[in-house]
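Below, each chain spelled out in residue letters.
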Amino acid sequence: MSERIDAAFADGPAFVPYLAAGDPTYEASLEYVEALDRGGADVIELGLPFSEPIAEGPTIQEAVIRALEGGMTPERFFEFVEDLEVEAPLVCMTYYNLIYQFGEERGPRPFVERAAEVGLEGFVVPDLPAEEADPLRDACDEFGLDLIFIVAPTTRGEHLDRMREHVSGYVYVQARLGTTGAREDVSDQTNASLERLADWDVPKAVGFGIKTGEHAERIVASGADGIIVGSALVDIVAEGHENDEPTAETAARLETKARELAEGAARGANPENVPQPEQP
Amino acid sequence: MTELEASDDGTERTPAGRENETEHEGDDRPLEDGSFGRFGGQYVPEALMPALEELEDAYRRYVLANEDGFMDEFRQRLRDFGGRPTPLQRADRLSERYDRDVYLKREDLVHGGAHKLNNALGQVLLAKYMGKERIIAETGAGQHGTATAMAAAHLDMPCEIYMGRTDVNRQRPNVFRMRINGAEVNPVDAGRGTLKEAISETMRDWSQTVENTHYVIGSVVGPHPFPAMVRDFQSVISEEARDQCLEQIGSLPDSVLACAGGGSNTMGAFHHFTADESVSLYAVEAGGSSLEVDEDAGVAPNSATLSTGTEGVLHGARTHLLQDSHGQIMESHSVSAGLDYAGVGPELAHLVESDRVTPVTVDDDAALEAFHRLSTEEGIIPALETAHAFGFLHEAAGRDDADEVLGDSVVVTVSGRGDKDLETVIEETEKRGLEAAPDLSVFAKEGGLR
Ligand SMILES: Cc1ncc(COP(=O)(O)O)c(C=O)c1O
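Protein chains in written order, with our numbering: chain A, 1 to 280; chain B, 281 to 730.
If you're looking for bench data, these hints aren't it; they were derived computationally from the structure. The structure presented is a predicted model; accordingly, all values stated were derived computationally and were not measured. Note that the Cβ used here is the ideal one computed from N, Cα and C, for glycine as well. Check each hint, because a few of them may be wrong.
What the hints assert, rightly or not - Here are the computed distance ranges between Cβ atoms for each label pair: (1) A:Ala-10 x B:Glu-413: 41 to 51 Å; (2) B:Phe-456 x A:Glu-263: 50 to 60 Å; (3) B:Gly-530 x A:Leu-160: 50 to 60 Å; (4) A:Asp-11 x B:Arg-459: 50 to 60 Å.
As the list claims (entries may be wrong) - Okay, the calculated bits of chain B under chain A, using three or more residues with CB under 8 Å as the criterion: (5) 321-329; (6) 357-366; (7) 477-491; (8) 581-595.
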């Protein structure tokens, strides 16, 4: 198991941003991820783009297409990780086919081995339910990486138990049904989900739809150990790309946004802070 | 094994023991974990898992155990609404041309004009039994979308269809039909705008709406239990065909030919023959313009997944895929929209791997020629998908080993009729200057049938 991920959740709520690696270009993307690190990221989820991202909404789907068009491949991704200069531990978010195809023989081991080599700490694989995860779990155990699962508002029963058995690092609590994408509201499905996981001994990070510092604050106040933010950040990258904004400017906006989210999360953990009622 | 299979050595015709034969079932598939050999599984976002569990439960109870008389109602509706059973017709001129008995399993005569209704009706009815309130589906050729829209209208369910932009443009008649049956049609702009993108988009919709929505997947693809369930709904094709062969010819056929996109026509046509070792089964894939692949461009100029693909995970299942060396899914190509898919059903992948089914390919030109041949010689305008199966018949019958490959009696499934394809056929026939075709230049000049 990754000690660096444990440590990231150890003091105070964790801010976990997501970006697709290579969006819109390799070089710009390096700067963007580093800006998030400066802005206070505790763990960074780096997307390795897959051509059929069925769990993503339109924002991240387009980011993935931009990154693929920019020439991102699994091996480039590993180089990207090596080129990054960040303090936060890195988790790879991708789809199972890329993990399965990597290297000479099929199966997850070569991918995990290479991930460990470049210093990644774990994986989130949205199309790999706990039922199909044994081979990847074994490889992760062998190389000391974490396997993070997404718990949906609909996850229950045996299925939840199986996930509990397999999960390490943190558990990704999906705040609402559907695909990724920034929303104006924060679902109260979150509270129900957190309650179901109350006695799990891994940190609970909530994601899907978090967009502002105020959202972050409320989510942490309602019991989350961390917040995961993807689309709201990818939106900034997309805007910068569409407006031909200089990379440094987009990076600065990402850093500001990261700080807003990290500070929101910190406020939510302050017991003096009474949680705001959910706006209708 | 039935008596007939035990005694049939593949050369001798054995008279049918009818009572036994109607009992015949294809060999049972492992259902416990939804796998077919190495293939299958449930590789989906977590939000969809409960829906799959619920569906698996419903599949076992209603489809496999006929709870509440589900299968009785399904069969009755297939008959009264769907127009089943479809004939097994001897094609006289093709038989003469190829010097063997050619039989057509006429799925083009099913309501809506394709085998797709068998599955759509089954799933929409199942959704009703499950208490779902909304139907979504993806479509490539528009045939599955049309069948789903018809079944949804018939059973009074609201329905939304996702369809790639390219397919919307090349299959307009079906887009109209879906709308006229009251379905919403949502064009999908991602990628090349074909079936693969439409499936991804429908899965996205489903992951937000699982609680009240059923996704009617259009082929034997996707996560368990879809491949097994869709096969069961489609297996009525081979159930009828097998009985009809025994009744009309007095024996099993020597070979069965069916075109394969996702593989529902194929699995439906093969299922009840898989235990009959004497029957050769050919899955005819779209060879497109070439079997070569341009990996840098991310494009396969064909849709021949079984013949040229490699193992991987897509749309919920481990199966054969058109993918590059990194595991990115490639854009596929076929002149026929319904075959234009980078994946294939996991059971079919397994049957190919275990040598029970032989995959073969037919390219765009040969399919178009076969389209015209069937139209002018037999008075049947086939779907371009179906035309691939006839392309293989033509090619194989011309080979030295034709007797070995095809045998004396051949069943070809006419998976659908070609009305939806007329614009494409006119355009492509002109473009290629196909000689065997009637003169269509006047239509082409006028911009197809627009
Ligand atoms: C007439 C017809 N045949 C065949 C197919 C191929 O699909 P499958 O391989 O699932 O039967 C289609 C798909 O739309 C079709 O419309």
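Tested hints:
1. Against the hinted window of 41 to 51 Å, the Cβ-Cβ separation of A:Ala-10 and B:Glu-413 comes to about 46 Å, which satisfies the hint.
2. For B:Phe-456 and A:Glu-263, the hinted distance range of 50 to 60 Å is satisfied, since their beta carbons lie about 55 Å from each other.
3. Against the hinted window of 50 to 60 Å, the Cβ-Cβ separation of B:Gly-530 and A:Leu-160 comes to about 57 Å, which satisfies the hint.
4. Distance hint check for A:Asp-11 and B:Arg-459: the Cβ-Cβ separation is about 58 Å, which falls inside the suggested range of 50 to 60 Å.
5. Three residues within the 8 Å Cβ limit are the bar, and the segment 321-329 of chain B against chain A gives 8, so the coverage statement holds.
6. Check result for the segment 357-366 of chain B against chain A: violated, 0 residues qualifying (beta carbon to beta carbon below 8 Å, three or more required).
7. Check result for the segment 477-491 of chain B against chain A: holds, 8 residues qualifying (beta carbon to beta carbon below 8 Å, three or more required).
8. For the segment 581-595 of chain B, the stated coverage by chain A holds: 5 residues have a C-beta nearer than 8 Å to a C-beta of that chain, and at least 3 were required.
The earlier numbered hint that this structure contradicts is number 6, and it is the only one.
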